[in-house]
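Asker: Chain by chain, the residues run as shown.
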Amino acid sequence: MASIPLPTAKHSLPSLLHAQTPKTLLSQKLPNLPKSFQSQFCGVKLSHSSNFAVPSSFKKSSILAKVSKGSVAPSFSLKDQDGKTVSLSKFKGKPVVVYFYPADETPGCTKQACAFRDSYEKFKKAGAEVIGISGDDPSSHKAFAKKYRLPFTLLSDEGNKVRKDWGVPADLFGTLPGRQTYVLDKNGVVQLIYNNQFQPEKHIDETLKFLQSA
Amino acid sequence: MFAEVAPMSAFPHLRSLHHVNQCHYLSPPSHIYRSITTTTTKSRRRHPEPLVVDLPWVLNTSTPATTTIALDEPSLQSTDPPPVLKRSSPVTTTSMLNDPSLKSTWSHRAWVASGCTTVLVSLAKSVTGAADSGTWLQPILAGVVGYVLADLGSGVYHWGIDNYGNENTPVFGSQIEAFQGHHKWPWIITRRQFANNLHALARAVSFTVLPIDLIFNDPVLHGFVSVCSGCIMFSQQFHAWAHSTKSKLHPLVVALQDAGVLVSRSMHGAHHRPPYDSNYCIVSGVWNELLDTYKVFEALEMILFFKLGVRPRSWSEPSSNWTEETDTSSLIAEL
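Same order as they appear, the protein sequences are chains A and B. Take 1 as the starting number for the first sequence in UniProt numbering and just add one per residue. Take 1 as the starting number for the second sequence in UniProt numbering and just add one per residue.
If you are wondering where the hints come from, they were derived from the structure by calculation, not from laboratory data. Any given hint might turn out to be false.
To be verified - Which chain B residues face chain A? A few, computed with CB under 7 Å, are given here:
hint, residue
1, Arg192
2, Met302
3, Leu304
Said to hold, decoys possible - In silico BS3-like links for lysine-lysine, alpha-carbon gap of 27 Å or less:
hint, chain 1, residue 1, chain 2, residue 2
4, A, Lys111, A, Lys161
5, A, Lys79, B, Lys307
6, B, Lys307, A, Lys66
7, B, Lys295, B, Lys246
8, A, Lys186, A, Lys79
9, A, Lys142, B, Lys307
10, A, Lys84, A, Lys122
11, A, Lys146, A, Lys66
12, A, Lys209, B, Lys103
13, A, Lys125, A, Lys94
14, B, Lys184, B, Lys307
15, A, Lys161, A, Lys122
16, A, Lys111, B, Lys295
17, B, Lys307, A, Lys164
18, A, Lys209, A, Lys122
19, B, Lys307, A, Lys111
20, A, Lys202, A, Lys66
21, A, Lys164, B, Lys184
22, A, Lys147, A, Lys111
23, A, Lys94, A, Lys164
24, B, Lys307, A, Lys147
25, B, Lys295, A, Lys202
26, A, Lys79, A, Lys124
27, A, Lys147, A, Lys66
28, B, Lys307, A, Lys161
29, A, Lys147, B, Lys295
Bear in mind the structure is a predicted one, so any value in this text is a computation, not a measurement. From the three backbone atoms N, C-alpha and C, an ideal C-beta is built for every residue, glycine too.
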């Protein structure tokens with residue numbers, strides 16, 4: 001297996017962000033701070049740059065690299081809230097918003113889920129599907145979805161395997177599972193990554209804005 | 001049809017509807033309330049017997065048009081026979097207000113005295129040390145730091161007690177139960193006598209400050225310790241003042257609240273609104289905005305949840321033990 005590592009998002013962050021949104025300038029001024037520290041309050045957004053090209057051999061080779069913009073998101077098969085196995089490949093052909101969140105029935109995650117619910121029609125109008133992923137089991141997802149009338153799929157990433165595969169960074173020195181959202185285009189290529197632990201509603205604003213402008 | 005309801009003295013579980021939009025805490029209003037009819041405004045007479053109150057409230061009166069509610073205030077005058085309001089549990093209003101648990105005992109007073117003594121000794125050491133050395137700035141600055149950190153400490157402690165444990169928790173069980181009761185009946189704190197209110201904190205301060213008094217002489221350290229521990233000990237008094245009404249407070253206290261030196265009534269009132277997860281600091285409240293804006297307590301709660309599996313109370317719908325009692329006020333409002 002090829003062992004050339006992809007540049008991780010952490011190291012490539014300053015140079016990538018320099019061309020990106022002003023919001024992310026903070027990380028360039030403080031390059032030694034973990035990305036997750038800033039993302040908690042300011043949010044960190046990585047958008048697709050047209051100059052960025054990842055050689056196709058890199059995309060498939062390194063299983064240690066995080067999923068970054070421009071890369072094809074690794075496939076997964078997880079159980080949804082009804083216990084049915086759902087694969088990411090099922091959604092190919094349309095944009096998908098995959099949002100990783102810490103846990104069901106926590107304040108931030110509830111706000112985020114409800115915000116996705118309230119804007120769900122707008123996501124559908126943009127042709128996109130929404131998938132939420134956390135480490136909770138299907139029964140927890142079922143109760144959570146029922147309580148808040150969530151119309152989209154929640155997947156159980158038990159053991160947080162997919163979270164690790166995708167390289168979702170943890171927050172607060174590794175104590176909290178990170179809150180990171182990916183927007184995949186219809187070919188399954190990551191076009192946007194947004195991270196913000198304590199302002200969950202912003203995930204909806206940012207992803208919707210991106211989808212509507214695409 | 002709706003009128004202001006009786007002061008808390010007669011109806012402890014009634015909310016002052018006069019204050020619904022202004023204040024968000026229960027407190028005994030300072031003035032007499034009007035009748036529950038749309039037309040009659042009468043002064044009241046002291047009811048000669050303890051008013052029996054049972055839940056649910058049922059107003060038994062033969063003259064609904066002129067029904068008045070007798071109030072337990074000596075200045076009240078009434079010309080109508082007072083109605084009897086019944087609840088299903090036999091608790092009397094006067095007994096609630098005269099509850100011995102609200103009164104100061106000699107033990108309470110002794111602890112408050114000892115707490116004050118330790119704080120004053122520390123303050124004296126700071127002042128004399130500063131006078132001897134001629135440097136006043138550092139001890140004063142240390143005092144300011146003590147005042148600021150006392151507010152933070154009050155918030156952290158309050159957050160912990162409000163969200164975790166129960167009456168069976170070792171050491172803190174009784175405090176937790178008291179805080180829970182406070183959320184249900186916030187106004188009772190204004191009825192507690194001074195030493196009753198402060199004695200628990202005074203005891204903690206006595207044990208903490210006494211060794212510092214005995215061991216250390218540094219004026220800067222004592223500047224910090226005396227102000228910090230003094231503010232912590234008196235935080236319950238500041239808290240009680242934050243539950244009171246403006247008209248009942250000394251103008252100096254109101255001025256200090258308005259200036260942000262002491263926690264304000266409105267800021268603390270925000271803590272008593274669901275989901276009860278903000279504005280935890282009760283000395284000056286200077287940390288509240290920062291802690292709430294940056295979701296510091298939410299972050300701590302998330303960490304504790306993921307590391308220890310414990311959920312804080314503020315994440316769940318408040319139980320009936322926690323929610324402020326307002327049932328009776330709405331029933332009265334419907335009459």
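Asker: A separate judgement is required for each hint: does it hold in the structure or not?
Answerer: Hints versus structure:
Against a cut-off of 7 Å between C-beta atoms, the interface hint on Arg192 of chain B is violated, since the closest Cβ of chain A lies about 33 Å away. Below 7 Å, beta-carbon pairs count as interface contacts, and Met302 of chain B has one with chain A at about 5 Å; its hint therefore holds. Look at Leu304 of chain B: its Cβ only gets to about 10 Å from chain A, farther than 7 Å, so that hint breaks. Restraint check: the Cα-Cα separation between Lys111 of chain A and Lys161 of chain A comes to about 25 Å, which is no more than 27 Å; the hinted pair holds.
At most 27 Å may separate the alpha-carbon atoms for a hinted pair to count; Lys79 of chain A and Lys307 of chain B meet this at roughly 25 Å. Distance restraint check for Lys307 of chain B and Lys66 of chain A: the Cα-Cα separation of roughly 25 Å lies within the 27 Å cut-off, and the hinted pair is therefore satisfied. A C-alpha spacing of about 30 Å is found between Lys295 of chain B and Lys246 of chain B, which places the hinted pair above 27 Å, so the restraint is violated. Note on Lys186 of chain A and Lys79 of chain A: the hinted pairing holds, with a Cα-Cα distance of about 22 Å set against a maximum of 27 Å.
For the suggested pair Lys142 of chain A and Lys307 of chain B, the alpha carbons sit about 24 Å apart, so the restraint of at most 27 Å is met. At most 27 Å may separate the alpha-carbon atoms for a hinted pair to count; Lys84 of chain A and Lys122 of chain A meet this at roughly 26 Å. For a cut-off of 27 Å, the pair hint linking Lys146 of chain A to Lys66 of chain A is broken: about 33 Å separates their Cα positions. For the hint pairing Lys209 of chain A with Lys103 of chain B, the CA-to-CA distance comes to about 61 Å; that exceeds 27 Å, so the pair is violated.
Distance hint between Lys125 of chain A and Lys94 of chain A is fulfilled; the C-alpha atoms sit about 12 Å from each other, no more than 27 Å. Restraint check for Lys184 of chain B and Lys307 of chain B: not satisfied, since their Cα atoms lie roughly 30 Å apart, outside the 27 Å limit. Straight-line distance between C-alpha atoms of Lys161 of chain A and Lys122 of chain A comes to about 30 Å, which puts the hinted pair past the 27 Å bound. Taking the CA atoms of Lys111 of chain A and Lys295 of chain B, the gap is about 14 Å. The hint holds against a cut of 27 Å.
Only pairs whose Cα atoms come within 27 Å are accepted, and Lys307 of chain B paired with Lys164 of chain A is accepted, the gap being roughly 18 Å. The suggested pairing of Lys209 of chain A with Lys122 of chain A holds, with an alpha-carbon distance near 10 Å, which does not exceed 27 Å. Taking the CA atoms of Lys307 of chain B and Lys111 of chain A, the gap is about 22 Å. The hint holds against a cut of 27 Å. For the hint linking Lys202 of chain A to Lys66 of chain A, the alpha-carbon distance of about 23 Å falls within 27 Å, and the restraint holds.
Note on Lys164 of chain A and Lys184 of chain B: the hinted pairing is violated, with a Cα-Cα distance of about 45 Å set against a maximum of 27 Å. Distance restraint check for Lys147 of chain A and Lys111 of chain A: the Cα-Cα separation of roughly 13 Å lies within the 27 Å cut-off, and the hinted pair is therefore satisfied. For the suggested pair Lys94 of chain A and Lys164 of chain A, the alpha carbons sit about 25 Å apart, so the restraint of at most 27 Å is met. Of the pairs offered as hints, the one joining Lys307 of chain B and Lys147 of chain A holds, with about 25 Å between alpha carbons and a cut-off of 27 Å not exceeded.
A C-alpha spacing of about 15 Å is found between Lys295 of chain B and Lys202 of chain A, which places the hinted pair at or below 27 Å, so the restraint holds. Taking the CA atoms of Lys79 of chain A and Lys124 of chain A, the gap is near 22 Å; set against the 27 Å cutoff, the hint holds. Restraint check: the Cα-Cα separation between Lys147 of chain A and Lys66 of chain A comes to about 33 Å, which exceeds 27 Å; the hinted pair is violated. A C-alpha spacing of about 19 Å is found between Lys307 of chain B and Lys161 of chain A, which places the hinted pair at or below 27 Å, so the restraint holds.
Of the pairs offered as hints, the one joining Lys147 of chain A and Lys295 of chain B holds, with about 25 Å between alpha carbons and a cut-off of 27 Å not exceeded.
Checked against the numbered hints listed earlier, the structure breaks hints 1, 3, 7, 11, 12, 14, 15, 21 and 27; every other hint is satisfied.
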